[in-house]
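Visitor: The chain contents come next:
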Amino acid sequence: MRPLGASVWYVDLTKETWWREDVFPDEVAPFIGGSGYGWKIVADLLPPQVDPFSPENVVVINPGVLVGTRTVGASKTTAITKFPTIASEDNRFYVEECTGGGRYFGIGLKLAGCDHLVILGCSRRPVTIHVSDKGVELRDASNLWGRGIFEVTDELVREEGDDAGVLAIGTAGENLVRSALAIVDKTNSLGRGGLGAVLGAKRVKAIVARGTKGIRVADVVGFHRVSEELFNRALEWPRREHWIRLGLAAGWDTFKHTQYPGIWPKERWEELYGEKKRLESLDRVIACVSCPLSCRLRWVIRGGEFDGEAGLGSPYSKSATSGQLLGIEDDRRMLHLVTEANAHSGIDFYTTTRLIDFVTRAYEQGKLTREDTGGLELRRDYETYLDLFRKTAAREGFGDVLADGWMRLKKEFGLDPQDYWYGGICKGIDFIYDARPSRFHPLMMSFFTRPRPHHGGSHTRTNSLNKTLEEIREQVEHWGLPKEMVDRIFTETPYSGKFNVGRYTAHMEDMMRVKNALGICAMYTYQALMFADDMAKLYSAVTGEELTAGELVERGERISNLAKVVNVREGFTRKDDRPPEVWFRPMQTPEGRIELQDYFQMKTLTKEDLERCLDDYYDERGWDIKTGVPTRATLERLGLAKYAVSH
Amino acid sequence: MTSKSRDRHRVTGHLVVRPERCRGCRSCQLACSFARANEFNPSKSCIVLERDMRTERTAPVIKVLCCDLCDGRPACVDACKYDALAFVPASDRRIEYIEEA
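Going line by line, the protein sequences match chains A and B.
Residue 647, in my numbering, is where the first sequence stops; the numbers in between run on with no holes.
Residue 748, in my numbering, is where the second sequence stops; the numbers in between run on with no holes.
I should point out that these hints are in silico values taken from the structure, not numbers from a laboratory.
As the structure is a computational prediction, the values presented were derived from the model and not from experiment.
Heads up, a few of these hints could be off.
As the list claims (entries may be wrong) - Derived lysine to any residue pairs resembling SDA-like cross-links, with alpha carbons at most 20 Å apart:
no.: 1; chain 1: B; residue 1: Lys691; chain 2: A; residue 2: Arg216
no.: 2; chain 1: B; residue 1: Lys691; chain 2: A; residue 2: Gly113
no.: 3; chain 1: A; residue 1: Lys134; chain 2: B; residue 2: Ser690
no.: 4; chain 1: A; residue 1: Lys391; chain 2: A; residue 2: Gly375
no.: 5; chain 1: A; residue 1: Lys276; chain 2: A; residue 2: Glu228
no.: 6; chain 1: B; residue 1: Lys691; chain 2: A; residue 2: Leu246
no.: 7; chain 1: A; residue 1: Lys467; chain 2: A; residue 2: Glu477
Sequences are here, hints too, so could you generate the full structure?
Guide: Structure below.
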């Protein structure tokens, strides 16, 4: 039986060696395990200030603690690395976790007996890393280099067997495109903002995982009792029928309001990208391992220039938003871009389409000239977009500039990312949601308080519109916080509405750390199908260590603090946690003016209001309000004193 | 099918697989291995999940020599939340139809 402790597998690409270290449970437990303990590995191993593309950068891949067991939505694997997104004008880079599901990869690692895969150094030639019962093997991948993600995955699965999990990078990762991500099992993306490029710099084309070692749980009866209850909750979810028919395409009714870019009237958007349109190309919904809801999609384009082209992933919402931003009325053309990104290059769709939107407009306005683009005319048409999309992935011509992202545009052409009109930019990367149509809720705040501006799966009830204060509070009450803390979160403030967004965000982020460490999908917390106390019960049953929701969430707080101090070492402080300027410029839309407002739309929020939210956020965390850095007292309370950084 | 497994199916019943409903979540494999070996381990389950790489379609295939139908309450059927697996007890008249199909 091996439920406790952790087996950490190190691969040194430079020396072409690997070794395994088993860690005792009492060392793992304070960090939960999974990505939580992964953070400890990173904090101890990653030297500060190294370039993300240097051999000194590390990648730690952590399947969740519950992955491989049969419980609701336990499919997530989290990778931690220093991301190559240029996060500041003085070239700082954040270290963060990114998380994604899959059917074979995460469970494959666990079944091989690997709880953490630590990738060190840099290979001289392209390689694939094979993880199995026998350990780690590096294989030459020269024949795979330069090829697309799906093609490479198919080939590796054919060699290894149907149950082989594959994480692969595409040509964008090989070319060190700073937004490039990895794709897991062909259906799930992992690590926008550059995990793919970091692996590319290490010359790792793919990681293959499969194994035959079983996964046991300490308390079988308790585990099945909790799991069955959770399965039943998911099965009884009133929206399940709609959801399993459409997968992530089912989110349109919320999405069309929360992610509205404000250019077309909503009715027109509905007609071009709404649910009916989605059904025209939707072929099938695919589940991650152990998921009774399922949301991954296979689509087939019908008619038009890409007739018959099939793709995998979750294409609809991203293509709808970027389609509107770019003015592309034929959804099939946007679906094709998603296919190219997921199946071939591994370029990040959000960042790339938004950069393209930004530069083509700048060109139109004369802020970029033909001389700047190396002779390329940046027209506002699909052919140009497709060309730029491909050139970015290949770092060809002007694509080389786009491949370095927002900060390079600023440095080279004086184009300020804060002038971009949708979503907002923080720490050098674009948010996928905009707080004006979404309203200023905790997930929006975590976009700029988290070291890496991405949601990370921190969704809670407040991500949907029109939840009651009672529904919102009910979820928070399950986090196991003392009553006075919950009361403090639900105290009305003049700067964030009926609940205190800053204080809420701090605990929500801790919950996210817990969920990712356990490997639970955000769907279940978002839709209130699983609460922190359920997670505590599952964790207790699997590890045999009895603990409460409050204790589990406190471990999440420890992980949040460790993640923060690692980034303080990189020079990140309060001055980097800036809400994007665009949020304070009202959107002028055919549906009217949309301003930044609190969740219940009681008030328009100002920059000063968000500063007050930040004060509360740091205060709630026990961090210094002026610098946004964890205080020594807080780190001592969490047993992290040795990681304290004097700033 | 061996005569032993044929007898078992005659007495207990049949598993019906509807591959078009399978979404690849592998819950059947995890439940089966747990019922048999007290651990989550697809390699110890009596179900192979066939995977078509072109379409990423999956289909559970039951290893008949391995499957003992959990004495009439197959764990895989319970675990499949997409109704890709069903159990028809021997008492059900449809069994003849399934055997011939």
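Visitor: Each hint needs a verdict: does it hold in this structure or not?
Guide: Results of checking the hints against the structure:
no., hint, in the structure
1, Lys691(B) - Arg216(A), "holds, 13 Å"
2, Lys691(B) - Gly113(A), "holds, 15 Å"
3, Lys134(A) - Ser690(B), "holds, 15 Å"
4, Lys391(A) - Gly375(A), "holds, 14 Å"
5, Lys276(A) - Glu228(A), "violated, 35 Å"
6, Lys691(B) - Leu246(A), "violated, 33 Å"
7, Lys467(A) - Glu477(A), "holds, 15 Å"
Violated hints, in rising order: 5 and 6; the structure is consistent with all others.
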